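Taken in order, these protein sequences are the chains called A and B. Following the working numbering, the numbering of the first sequence begins with 1 at its first residue and continues without gaps. Following the working numbering, the numbering of the second sequence begins with 1 at its first residue and continues without gaps.
Simulated from the structure, these hints should not be mistaken for laboratory data. On a predicted model such as this, the values are computed, not experimentally measured, just so you know. Built from N, CA and C at the ideal position, the CB exists for glycine as well. Hints should not be assumed to be uniformly reliable.
Short, incomplete list of chain A residues facing chain B, as computed with Cβ under 10 angstroms [to be verified]: (1) Asp59; (2) Thr70; (3) Phe72; (4) Val86; (5) Ser87; (6) Gln89; (7) Ala90; (8) Leu111; (9) Arg118; (10) Val121; (11) Gly132; (12) Phe212; (13) Asp215; (14) Gly217; (15) Asn251; (16) Glu262.
With a straight-line Cα cutoff of 30 angstroms, these simulated DSSO-like cross-link-like pairs (lysine-lysine) come out [claimed, not checked]: (17) Lys186(B) with Lys98(B); (18) Lys73(B) with Lys258(A); (19) Lys87(B) with Lys258(A); (20) Lys192(B) with Lys134(B); (21) Lys186(B) with Lys396(B); (22) Lys140(B) with Lys378(B); (23) Lys204(B) with Lys258(A); (24) Lys87(B) with Lys354(B); (25) Lys192(B) with Lys241(B); (26) Lys204(B) with Lys375(B); (27) Lys258(A) with Lys319(B); (28) Lys258(A) with Lys192(B); (29) Lys396(B) with Lys378(B); (30) Lys396(B) with Lys46(B); (31) Lys258(A) with Lys396(B); (32) Lys98(B) with Lys417(B); (33) Lys46(B) with Lys140(B); (34) Lys258(A) with Lys352(B); (35) Lys134(B) with Lys417(B); (36) Lys352(B) with Lys323(B); (37) Lys354(B) with Lys323(B).
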Amino acid sequence: MRLIEALVSALLVAGLYASSSYGLALIYGVMKIINLANAGTMMLGAFMTWVLWQWIGIDPVISVILVAPTCFVLGALIEILLVRRVSGQAPIVSLLLLFGVWLVMESAAYLIFGGETRGVVPAYSQATLDVGGVIVPVTRLVVFLASIVILVGLELFLRRSFLGRAIRALAQDREACALAGIDTRRVGTLAFGLGTALAGTAGALLTLVFSFDPDFGRVLQLKSFTIIVLGGLESIPGVAFASFLLALAENLTVTLSKPALENLVSFVVLVVVLVVMPGGLAALLRRRRLA
Amino acid sequence: MRKLSAIALVAAFVVAACGGGGTGGGAAGSGAPTSNAAANIPDTLKIGAVLPLSGADAKTGQYINDAYVLYTKQVNDKGGLTIAGKKVKLDLRIEDNKDDGATSSQLYEKLITQDNVDFLLGGYNTALVTPEIKVANRYKIPYVNGGGASVASYADNTWAFGTLANIQALSHTQLDFLATQQDAGKLPKPLKMAIVYENSSHGKEFSDGLKDGDASRFQIVMNEPFDLNGKDFTSLLNKVKDAKADAFMADAHLPDYITMQKQYGQLGLHHLYVTYGARGPDQSAKDQLGAATDYITSAVWFDQQQPGDLVKQWVDMWKANTKDAPEWYAASGWEAARILYAAIEKTGSVDKDKVRQTLASTTWDNSLFPGGSIKFDKTGQATNSYVMTQNLPGGKTILIWPKDQATGTAVVPIPTK
């Protein structure tokens with residue numbers, strides 16, 4: 001029974017992790033940029049949701065309709081006004097630039113909202129479902145289902161739409177795309193906007209589970225690094241699978257040992273994966289298929 | 001008319017608070033020695049303080065900030081402190097440490113070495129107050145805080161004084177209350193306790209205090225630390241769930257209390273008794289969590305429902321002058337400023353060592369805290385008893401301990417939803 005509970009809990013936590021990692025993976029996949037501002041965007045999404053909740057009582061899930069497009073525009077502007085100016089330079093430049101953007105976002109939030117811990121508490125926030133003796137928190141189920149919807153929607157978009165295919169093509173070979181007549185700048189901007197919208201969406205959804213302050217997103221961002229490395233850096237399904245593996249590893253470690261070891265697990269996994277299989281699970285699967 | 005009443009109330013309160021008599025009542029006592037020493041007294045005294053005005057503890061820091069500012073303003077509005085017969089204005093300088101211990105120490109050093117402050121008011125939370133106390137001792141400057149309760153903070157201390165009684169006493173108060181509930185048949189004996197505590201000396205002392213409980217009454221089935229300012233306590237709470245305890249005994253600062261309690265409810269946990277140490281009745285937690293804070297019990301250094309005219313006058317004054325709720329953070333900051341300023345007046349000198357001796361040797365009457373007076377022990381920490389509160393549905397909080405001050409009957413065990 002405890003194992004079933006651990007699996008269910010890991011699945012639900014995986015939903016949280018995947019939601020916060022999709023945007024990071026998409027932007028890295030297409031632009032080969034580690035978007036450190038991802039945490040800042042999640043925080044921004046959370047605060048936008050809180051404002052909508054406080055002012056007009058909009059549910060966090062519904063608020064995604066407003067948060068995602070706003071963050072898309074923000075991401076597109078960051079790409080056009082900032083990231084594009086340092087394209088072609090060493091990766092550390094964009095890394096530091098986006099780190100700076102994150103700090104600006106965090107400082108602005110402290111200025112506007114203060115450092116107080118905030119929470120969004122819809123009527124179902126304390127509700128649970130009893131599924132065969134396993135208690136399932138409704139809020140986590142909502143986030144998990146949303147992460148599945150995002151996964152499926154993103155995959156459909158990337159595989160079925162012209163723009164999605166252009167984004168995937170750009171991820172594979174930027175020069176070939178340019179030769180084929182794809183406007184790589186425009187597609188890059190859209191990909192960055194989409195990745196930022198995903199981060200904002202994650203922030204909105206995660207308010208159902210977490211309280212937050214302007215520092216929100218920092219810990220999840222560190223876990224997202226582990227997840228996208230484990231998942232293969234550019235693979236969206238890889239992110240989903242890696243989220244589950246990490247959540248399960250953490251859950252079992254905590255169950256069998258101490259809660260204080262939870263974060264240690266993430267970072268040990270990060271180090272091990274980078275050394276042993278730098279391409280992550282996706283590369284491992286590719287190698288197996290070829291063999 | 002309302003404004004005039006508020007001003008009159010403030011004036012009445014200041015007069016009441018400052019009329020401390022021989023033992024040391026307030027900042028404007030008239031018994032200060034007068035002598036030629038007045039010639040050595042400056043026209044203005046610089047008072048330095050460093051608080052977390054941004055970062056995770058910003059809300060709490062703001063309470064203490066407002067207490068320092070308001071008390072200092074009231075003293076200055078009356079012409080300042082009377083030191084050896086001379087009126088001395090106070091120049092209060094408050095810096096923001098952004099909730100960082102190293103920054104806090106640096107800012108205190110800056111206040112001392114560059115701004116040349118004469119005396120120090122303290123900061124908030126164990127992680128910050130501990131290094132601050134070391135700075136005060138290094139530079140030999142009297143320092144009075146309203147935000148550091150850990151015994152460890154006052155190790156090898158001579159110059160710092162804290163208005164908060166120690167954390168182990170907080171745990172002991174909770175155990176005393178729980179024992180009465182066991183005796184009334186409301187809680188099982190032994191009571192299985194799951195303890196989670198912030199990974200600091202504050203948290204460790206909370207845990208140690210609970211370990212002092214009578215083994216026939218209390219059984220610890222889980223005892224785990226957690227990192228401060230955590231964002232996700234899911235794993236820890238799942239472990240709590242597995243422990244199958246009767247009571248959930250947490251020690252957390254306000255941000256962690258809000259984060260943890262939100263997830264506690266989401267995970268469907270239920271215990272017969274829930275506490276977050278000194279957190280529970282905080283208005284900001286009620287604002288953020290709503291009914292999820294119902295039935296949480298806490299042991300605190302002050303509660304606005306304590307009996308006595310002094311407390312009532314202070315609460316009314318506080319509400320009239322600030323936008324803050326009259327929570328214990330504000331009262332402890334108020335007491336810190338009141339006692340430091342009263343000590344300077346009582347000493348009749350700005351000699352730092354003499355003021356330190358006055359702080360150490362005086363019983364500070366007219367206190368808002370339980371017992372009505374504060375006396376620092378040899379480590380520099382106050383020894384007042386705690387009061388206990390419980391949140392009830394509808395955003396209400398009642399005083400449940402000590403029995404003779406209770407404003408309602410505690411709801412124990414916590415009902416299932």
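Hints, verified against the model:
Contact between Asp59(A) and chain B, as hinted, is not supported at the beta carbon level, the nearest pair being about 15 angstroms apart and thus beyond 10 angstroms. Of the supplied interface hints, the one on Thr70(A) is violated, with its beta-carbon coming no nearer than about 23 angstroms to a beta-carbon of chain B, more than 10 angstroms. About 25 angstroms separates the beta-carbon of Phe72(A) from the nearest beta-carbon of chain B, more than 10 angstroms, and the hint is not met. For the restraint placing Val86(A) at the interface with chain B, the shortest Cβ-Cβ distance is roughly 29 angstroms, beyond the 10 angstroms limit, so the hint is violated.
For Ser87(A), the shortest C-beta to C-beta distance to chain B is roughly 33 angstroms, which exceeds 10 angstroms, and the interface hint is violated. Residue-level restraint check for Gln89(A) is violated (minimum Cβ-Cβ distance to chain B is 32 angstroms; threshold 10 angstroms). Annotation: interface hint on Ala90(A) violated; nearest CB of chain B at approximately 31 angstroms, more than 10 angstroms. With 10 angstroms as the threshold, the beta carbon of Leu111(A) comes within range of chain B, its nearest partner Cβ sitting at about 9 angstroms, so the hint holds.
Hint status for Arg118(A) relative to chain B: holds, with the closest Cβ pair at about 6 angstroms, below 10 angstroms. Hint status for Val121(A) relative to chain B: holds, with the closest Cβ pair at about 5 angstroms, below 10 angstroms. For Gly132(A), the interface hint is violated, the least distance from its beta-carbon to any beta-carbon of chain B being 14 angstroms, above 10 angstroms. Checking Phe212(A) against chain B by beta carbon gives a least distance of about 8 angstroms; that is within 10 angstroms, so the hint holds.
Satisfaction of the interface hint for Asp215(A) is found here, the shortest Cβ-Cβ separation to chain B being roughly 7 angstroms, below the 10 angstroms cut-off. The restraint placing Gly217(A) at the interface with chain B holds, with a minimum CB-CB distance near 8 angstroms, inside the 10 angstroms limit. Evaluation of the Asn251(A) hint against chain B yields a held restraint, the C-beta minimum of about 7 angstroms falling below 10 angstroms. The interface hint given for Glu262(A) holds, since its Cβ lies 5 angstroms from the closest Cβ of chain B, which is under the 10 angstroms cut-off.
The straight-line distance between the Cα atoms of Lys186(B) and Lys98(B) is roughly 44 angstroms, outside the 30 angstroms bound, and the hint therefore fails. Under the criterion of a C-alpha separation no larger than 30 angstroms, the hint pairing Lys73(B) with Lys258(A) is inconsistent with the structure, at around 50 angstroms. The straight-line distance between the Cα atoms of Lys87(B) and Lys258(A) is roughly 59 angstroms, outside the 30 angstroms bound, and the hint therefore fails. Between Lys192(B) and Lys134(B), the direct Cα distance comes to roughly 39 angstroms. Violation of the 30 angstroms bound is thereby established for this hinted pair.
Taken as a hint, the Lys186(B) and Lys396(B) pair is honoured in the structure, with Cα atoms around 22 angstroms apart against an allowance of 30 angstroms. Restraint check for Lys140(B) and Lys378(B): satisfied, since their Cα atoms lie roughly 17 angstroms apart, inside the 30 angstroms limit. At most 30 angstroms may separate the alpha-carbon atoms for a hinted pair to count; Lys204(B) and Lys258(A) meet this at roughly 16 angstroms. Annotation: proposed proximity of Lys87(B) to Lys354(B) holds, straight-line Cα distance about 19 angstroms (limit 30 angstroms).
Simply put, Lys192(B) and Lys241(B) have alpha-carbon atoms about 12 angstroms apart, close enough for the 30 angstroms limit, and the pair holds. Restraint check for Lys204(B) and Lys375(B): satisfied, since their Cα atoms lie roughly 25 angstroms apart, inside the 30 angstroms limit. For the hint pairing Lys258(A) with Lys319(B), the CA-to-CA distance comes to about 45 angstroms; that exceeds 30 angstroms, so the pair is violated. A hinted pair counts as satisfied when its Cα atoms are at most 30 angstroms apart, and Lys258(A) with Lys192(B) qualifies at roughly 19 angstroms.
This hinted pair does not check out: Lys396(B) and Lys378(B) have alpha carbons roughly 38 angstroms apart, beyond 30 angstroms. Between Lys396(B) and Lys46(B) the CA atoms are separated by roughly 41 angstroms; this puts the pair beyond 30 angstroms, and the hint is violated. Of the supplied pair hints, the one linking Lys258(A) and Lys396(B) is violated, its CA atoms being roughly 36 angstroms apart against a limit of 30 angstroms. The suggested pairing of Lys98(B) with Lys417(B) is violated, with an alpha-carbon distance near 40 angstroms, which exceeds 30 angstroms.
Using a Cα cut-off of 30 angstroms, the hinted pair Lys46(B) and Lys140(B) holds, with the two alpha carbons roughly 16 angstroms apart. Between Lys258(A) and Lys352(B) the alpha-carbon distance is near 48 angstroms, which puts this suggested pair outside the 30 angstroms criterion. With a C-alpha separation of about 48 angstroms, the suggested pair Lys134(B) and Lys417(B) falls outside the 30 angstroms cut-off, and the hint is violated. Annotation: proposed proximity of Lys352(B) to Lys323(B) is violated, straight-line Cα distance about 35 angstroms (limit 30 angstroms).
The straight-line distance between the Cα atoms of Lys354(B) and Lys323(B) is roughly 37 angstroms, outside the 30 angstroms bound, and the hint therefore fails.
Comparing the model with each numbered hint stated earlier shows that hints 1, 2, 3, 4, 5, 6, 7, 11, 17, 18, 19, 20, 27, 29, 30, 31, 32, 34, 35, 36, 37 do not hold.
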